[in-house]
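S.K.: All chains, please: the whole structure from these sequences, using the hints.
Listed in order, the protein sequences are those of chains P and F. Taking our numbering as reference, the numbering of the first sequence is continuous, increasing by one, and the terminal residue is 342. Taking our numbering as reference, the numbering of the second sequence is continuous, increasing by one, and the terminal residue is 328.
One thing to keep in mind: the hints can contain errors.
What the hints assert, rightly or not - Result set (DSS-like, lysine-lysine): computed pairs, CA atoms no more than 30 Å apart in a straight line:
id: 1; chain 1: P; residue 1: Lys195; chain 2: F; residue 2: Lys263
id: 2; chain 1: P; residue 1: Lys195; chain 2: F; residue 2: Lys171
id: 3; chain 1: P; residue 1: Lys97; chain 2: P; residue 2: Lys333
id: 4; chain 1: F; residue 1: Lys263; chain 2: P; residue 2: Lys138
id: 5; chain 1: P; residue 1: Lys97; chain 2: P; residue 2: Lys312
id: 6; chain 1: P; residue 1: Lys138; chain 2: F; residue 2: Lys171
id: 7; chain 1: P; residue 1: Lys97; chain 2: P; residue 2: Lys328
id: 8; chain 1: P; residue 1: Lys185; chain 2: P; residue 2: Lys138
id: 9; chain 1: P; residue 1: Lys138; chain 2: P; residue 2: Lys97
id: 10; chain 1: P; residue 1: Lys333; chain 2: P; residue 2: Lys246
id: 11; chain 1: P; residue 1: Lys261; chain 2: P; residue 2: Lys243
id: 12; chain 1: P; residue 1: Lys138; chain 2: F; residue 2: Lys226
id: 13; chain 1: F; residue 1: Lys263; chain 2: P; residue 2: Lys179
id: 14; chain 1: F; residue 1: Lys171; chain 2: P; residue 2: Lys213
id: 15; chain 1: P; residue 1: Lys44; chain 2: P; residue 2: Lys97
id: 16; chain 1: F; residue 1: Lys263; chain 2: P; residue 2: Lys213
id: 17; chain 1: P; residue 1: Lys312; chain 2: P; residue 2: Lys336
id: 18; chain 1: P; residue 1: Lys336; chain 2: P; residue 2: Lys261
id: 19; chain 1: P; residue 1: Lys95; chain 2: P; residue 2: Lys138
id: 20; chain 1: P; residue 1: Lys185; chain 2: F; residue 2: Lys263
id: 21; chain 1: P; residue 1: Lys304; chain 2: P; residue 2: Lys246
id: 22; chain 1: P; residue 1: Lys213; chain 2: F; residue 2: Lys161
In short, the hints are calculated from the structure, not lab data.
Here is what each chain is made of, one letter per residue.
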Amino acid sequence: MRKILLVSLLLLGLLTTGAAVAGPDSTVLLNAAGATFPNPIYSKWFDVYHTQHPSVQINYQSIGSGGGIRQLLAGTVDFGASDRPMTDDQLSQAKFKILHFPTVLGAVVPTYNVPGVTGELNFTQHALAGIYLGAITKWNDPEIVRANPGVSLPADDIVVVHRSDGSGTSFIWTDFLSKVSDQWKSTVGADASVKWPVGLGGKGNEGVSGLIKQTPDAIGYVELIYALQNNMTYANVQNASGKYVKASLASVTAAAAGAAKAMPDDFRVSITNAPGPATYPISSFTWLLIPAQISDGAKRDAIKDFLKWMLKEGQSYNEGLSYAQLPKPVIAKESKAISQIQ
Amino acid sequence: MGSTATTIDRAAPHDAGPRSFVSRLRDGDEVAHLITLIFASTILLITIMLVWELWVNCRLSRVQFGWPFFTTSDWDPVFNHFGALPFIYGTLVTSVLSLVIAVPLGLAAAIFLSELAPRRISDTISFMIDLLAAVPSVIYGLLGIFVVVPMMRTVIGPALKHTLGFLPLFKGPNYGVGFLTAGIVLTIMVVPFIISVSREVLLTVPRDQREAALALGATRWEATWKVVVPWARTGILGSVFLALARALGETMAVTMVIGNDPKISASLFSPGYSIAAVIANEFAEAFSDMHLSSLVEIGLVLFLMTFILNGLARLLIVATERGGGHPS
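M.R.: Structural data, given as structure tokens:
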């Protein structure tokens, strides 16, 4: 009896010291929470990384960017993830310094259901802002007709569709509209949910595309990934150079490269309406939010190693899941920034 | 008779008066009393904790907006200005609309099943109705998107405009989604509750009541409508309020078909928004503290609405009992 007690006490002691010291043999469990948009690629990464490094397990909950930031600030997760950079105000609320690391790129595309129109439409920046402000109400408005020579557009009322659930997709879309329209910026602004001047709300990408499919003369926006995976027709959008560009993984990476030159050191940058002739203007980074000081050495090493892996090998999994890769200058800049984690 | 005698015999040696605490404890009475009391009070405790949590967590928006939160219709997460009126309006309109359609429908069905249909048919149909009540709401939402919305745009909407288009209720563009569609989907969801409960209540009405009415020369319908239904009035009202509670709190099915546009409009075709829907939609991605706090406050508003409506329901039941109906 006493022997059993002794052995179990010994085992218990070993276990607790093992957890506290976290030697090379023990498992490092990292908790993370945040954005839903990059969830498929994050799941893939964390899974592959775990098979290559069995001692590190990363548990990611895709609860939304807002929730991810809140949990990070509350200290209930080891790192967060967000579809938009944290604001100065939020960073000042934090008890510790938080670093941003761009991981992948996403884009948002306009999609529509206009009776008689089967091809890809072109939209000027002014047209998209006008439609979503409720200033352009007919499909045969000169602003739309001028960009689409040879296409016969009906004289019907435009039915505007937007996301009803708060989402990074809406943030990217409204961020773009804020950059191209002063009126949008001053009256509506950019956020995951905004006060939409016009339109119906659909829940999720599937809710928006469902409404568009069922409603003649509707226009809406969905994630590029969703449009690609469902073979949807989507429009070309005029970029900062005045060119009409179709969203693709290449044109989204080009947008990031266009913005990379002016990339701030903390990586908090919006790349909507980025300069360059080949850039798709409604693109965005998504970020991992990582505390600059991590007291637990094992966790710190695991996070730093994962970031290095993500920037090299991890990027090769992107295209299989329809995410655009980070451009090389951004990867180089991020690799240097990893050393800031202490 | 024998059992009564033995109890008296057993009690006799102790005392002639009320049994002592120890003996009641030994018999299990006191234990059962305590345990059930604890379980019952957890309900009260959970309710109080719920209200308390909501109250504390919406402090920011309570202080900022005060009472105008209930009367303004601005919901702007960017400029941090929040008013709940369009959501309260949308919740009330869709719930009332669903009851307006569901009550006559459900009551008529329940009367048929309990009074007129052969027992076997009645039991089969009731079984299916109970199944309907257990279908998850997201399924009803999908049904709404793929069946009710297109029907609304191509059949129901144009027909209503053609016949009743002069009413402000049926003016304006018809997108297929909106108050009326949400009301119809809610009707489909709550009607099983009304039928199921009302049928059970109608079946408990004693045979004598029907037979007495028939003996007095009433027709079968008169006996049902003037004697059986009034007798079961309390239970039927209960089923209606159960239905109302479900309609008020319904989230997924409503958000999929209501259009999610926080506007107040007299037209039933126009898109709207409900309280439960906006919480589900915006809570996860609420970025600013004020936005989150306002969502919590609107949750408190929904709680209060249910509370007030349930209170009114109790009053109504008391009032109808005073006016007649069955004695118990």
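S.K.: Against this structure, judge whether each hint is valid.
M.R.: Going down the list of hints, with the structure as the test:
no., hint, verdict
1, P:Lys195 / F:Lys263, "holds (11 Å)"
2, P:Lys195 / F:Lys171, "holds (24 Å)"
3, P:Lys97 / P:Lys333, "holds (19 Å)"
4, F:Lys263 / P:Lys138, "holds (22 Å)"
5, P:Lys97 / P:Lys312, "holds (25 Å)"
6, P:Lys138 / F:Lys171, "holds (20 Å)"
7, P:Lys97 / P:Lys328, "holds (26 Å)"
8, P:Lys185 / P:Lys138, "holds (23 Å)"
9, P:Lys138 / P:Lys97, "violated (49 Å)"
10, P:Lys333 / P:Lys246, "holds (28 Å)"
11, P:Lys261 / P:Lys243, "holds (21 Å)"
12, P:Lys138 / F:Lys226, "violated (58 Å)"
13, F:Lys263 / P:Lys179, "holds (27 Å)"
14, F:Lys171 / P:Lys213, "holds (24 Å)"
15, P:Lys44 / P:Lys97, "holds (28 Å)"
16, F:Lys263 / P:Lys213, "holds (24 Å)"
17, P:Lys312 / P:Lys336, "holds (13 Å)"
18, P:Lys336 / P:Lys261, "holds (16 Å)"
19, P:Lys95 / P:Lys138, "violated (51 Å)"
20, P:Lys185 / F:Lys263, "holds (22 Å)"
21, P:Lys304 / P:Lys246, "violated (36 Å)"
22, P:Lys213 / F:Lys161, "holds (24 Å)"
Violated hints for the displayed structure, listed by number in ascending order: 9, 12, 19, 21.
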